[in-house]
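Below, each chain spelled out in residue letters.
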Amino acid sequence: MNFRSQLVAKPYFVAALALFLGQILFGLIAGFQYVDGTFLFPAIPFSVSRMVHTNLLIVWLLMAFMGAAYFIVPEEAQTELYSPRLALATFWVFLVAGALTILAYLLVPYSDLAAATGNAMLPTMGRGYLEQPLPTKVGIVLVALSLLFNISMTLFKGRRTSLNVILVGALWGLALLFLPAFYFPEDTVKASYGWWWVVHGWVEGDWELILSALLGFILIKMTGVDREIVEKWMYVIIAMTLISGIIGIGHHYYYIGAPEYWIWLGSVFSAIEPIPFIMLIVFSIRMLLKRRRENPNQAAMLWALGTPIVAFLGAGLWGAMITLAPVQYYAHGSNFTAAHGHLAFFGAYAMVSLAIISYAMPLLRGRVANGIAAQRWEMSGFWIMVISMLAIALALSGAGIVTAFSQRMGDHPLSFMDTQAQEQVFFWLRELAGVGFLAGLLAYLVSFFVPGEAGYDAAVKRALS
Amino acid sequence: MSAPTVATLPSQGLSGARLRLTLVWLLLMLLTVASVELGAHGTARQTLSGVLLLALLKGQFLVDHFMGLRRVHRVWRALMAAWLATVGALIAIAFLLA
Amino acid sequence: MRAQDREALPGDLAIWIFIFAELLVFGILFAVYAFARSAHVALFNQGQALLDRRLGLANTLVLITSSYAVARATEAIHRDRVQACGRWLLAALLLGSLFVGIKCHEFARDAQAGMNLSHDLFQMFYLSLTGFHFLHVVMGMAILAAVAAKTFAGGYRAHDCTGVETAGAWWHMVDLVWIILFILVYVLR
Ligand code: HEM
Ligand code: HEM
Ligand SMILES: [Fe+2]
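Residue numbers (this note's numbering), protein chains in the order written: chain D, 1 to 465; chain W, 466 to 563; chain X, 564 to 752.
For the record, the hints were derived by calculation from the structure and aren't laboratory data. Please note that the accuracy of each hint is not assured.
[As the list claims (entries may be wrong)] DSSO-like, lysine-lysine: derived pairs with alpha carbons at most 27 Å apart:
(1) Lys232/D - Lys290/D
(2) Lys10/D - Lys232/D
(3) Lys157/D - Lys713/X
(4) Lys713/X - Lys232/D
[Stated by the list, open to error] Label pairs and their computed distance ranges (CB to CB):
(5) Leu288/D - Lys713/X: 26 to 32 Å
(6) Leu86/D - Ala708/X: 48 to 54 Å
(7) Glu502/W - Leu661/X: 48 to 54 Å
(8) Met494/W - Ala708/X: 53 to 59 Å
(9) Leu562/W - Ala421/D: 44 to 50 Å
(10) Leu288/D - Cys667/X: 54 to 60 Å
[As the list claims (entries may be wrong)] Some chain X residues judged to face chain D by a derived CB distance under 7 Å, without partners named:
(11) Leu586
(12) Val588
(13) Gly590
(14) Asn608
(15) Asp683
(16) Met687
Just so you know, even glycine gets a beta-carbon here, dropped at the ideal spot from N, CA and C.
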């Protein structure tokens, strides 16, 4: 860390991790409700636990992205952040607004919340991930504008690296792509369009740019490879992301009342969406092989390498399996989709957030890297979380396959509830793996409390003793 | 990447390289007109093999000379040739199935 | 040729991975087109009859010539002829604009003939294939323009011309893809 103002990233990272823990707890509640439908009813019905789980996911990822931006943009621009105080004020606004929203989900029936927050005036509530009441949505836009103002001013007054321009540009894209969330017409086809512009536009477009920028930054810093080489890779990865992802949105238009040509365009273009993820893997491994120095923060390196690999599995592989129109005809909206959603969100966006946190947090706490013991905790957390998430994805895939075959094919398809009963074993496995995931997360969090530091001082001390 | 360039290779006369590119260009133009002429004189079924072969040939010329893969490690040229062959084969199969 | 006599790949490894990814994309599109046609031969014939082969032919010749110009530009920079390289790049750009002009004229013609994505399978394929390729031409021209500007500013030398080679590799790929696209859509019917 070279600039004092980068310190504002710290509260963002800490809050992100706290919200992450909350997300997993509600995931476990929702998962248990799958095997015992009356669990916590009527205090927290499934619809609420699911909504809290997914909304916390989005909020903590945004927290982590913002923290990353406040950390990276000054470092790349070689200048202090334009206004650290604005960044800090924005943090508190975002945290309080987020917390109030989650509390409202838990304490007020959703319809009452909608009535109380002006949803009748400008309807926006109800679509997945975008359930937030109107004031929260407006708040998200304002918070994003504050961030964008701050980092854009920093970018302009300092050194303009390609990486920084890409990162700031992608964050602008994130904010712009949120705007269709305010477009919720009665026409269900158009409402679906608007929803996918946000959801698909984010995870299979804009956020991939953020992903490559964060990975690029970490790799430049940790391997000492020439910036020019890293940036060239970033350009081609971004180009491929956009070529495949923009028209690839058609894979959500198949049978919803959109024109028929989307069946072709969506299938072909989304089938190539895995390519940028493969390129990310090649890129990271090549940079690692070309490294000019050994970084003492081995844990951060592990996250940076794991991210593209798990992202490819979740997004590239699991996504590709359900992306062709004839397959989706049977698999749409099943737990196979949930398997894909879990592994992709975790592998790409949760893991890259943890990677940047792993790289930046020791620096923000005034050390080059954590001590060996802390890194051991962190790396155990890595493996337990990754393996548990793979297990969750496999269990959900099993359930999804049963749905496709028992409920949607054949001459005597089972009813929805009978199929669910058949899938109980998978839901138990998912819940078990979820407990494993929580254990991994706790191990990861413990690493922050293990004292000691690595780096040159520690190495010198060890050598002298 | 400061590779030995065309100019520095002893086997490559200077005017030779330019002449070669120009000849390839003329050939590509010629083959293009030829394939259109051929295609105009018959159904896809009848002209498929000729038109397709001409196109693949053009593709390989372009790869070898314009892209300059002729002198690069064989793998790259082979990859390109494989792409051309695969696309050609798929098109041929599809047209024969019709 | 022995292995050590072989040159390094012109341009960057990253751009070659990108080029192969693009070729894969177009390859899939071509195969899908061909197999869709085999199920609807009459429909495709009828659709292809709406196209003007001469326009397709003209554009093929233009693009090949443009590719030639880029090859000459690369050859020139290898001999450190900066001005010649820049001029060949400009020529390639001009030919690229000609392609764009002809294609736009053709798209306008198609629109007048009432073609659109929803009308039938052939029109969907024809418009999206050529449209997708069109976007590549436009993107390639942007790259060529940037490289030409840097060339004239003296940014490249014989021993440091990765930028020219990279732009060239991309532009040749755009041409290569058109060669197949052309026979598929315009010639074979
Ligand atoms: C990191 C990137 C990605 C993330 C985070 C992600 C996440 C998601 C999520 C959460 C859903 C479920 C949406 C819902 O209905 O609630 C979804 C659906 C889908 N995703 Fe992805 N995805 C990613 C990349 C991809 C890629 C690369 C592909 C294709 C190769 C893909 C194909 C699909 C398809 C086809 C669906 C719809 C499934 C259905 O109809 O039920 N995704 N994705
Ligand atoms: C970082 C880790 C996690 C991420 C990124 C994540 C992400 C998501 C996403 C995107 C959805 C919506 C998927 C959809 O409906 O298509 C979802 C739903 C859900 N998640 Fe998670 N999740 C995580 C961990 C967990 C854990 C550990 C559990 C507990 C076992 C869990 C249980 C659930 C349940 C039960 C749902 C509701 C599925 C449904 O509506 O059918 N999640 N999660
Ligand atoms: Fe998508």
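For this structure, which hints from the list above don't hold up?
2, 6, 7, 8, 10, 11, 13, 14 and 15
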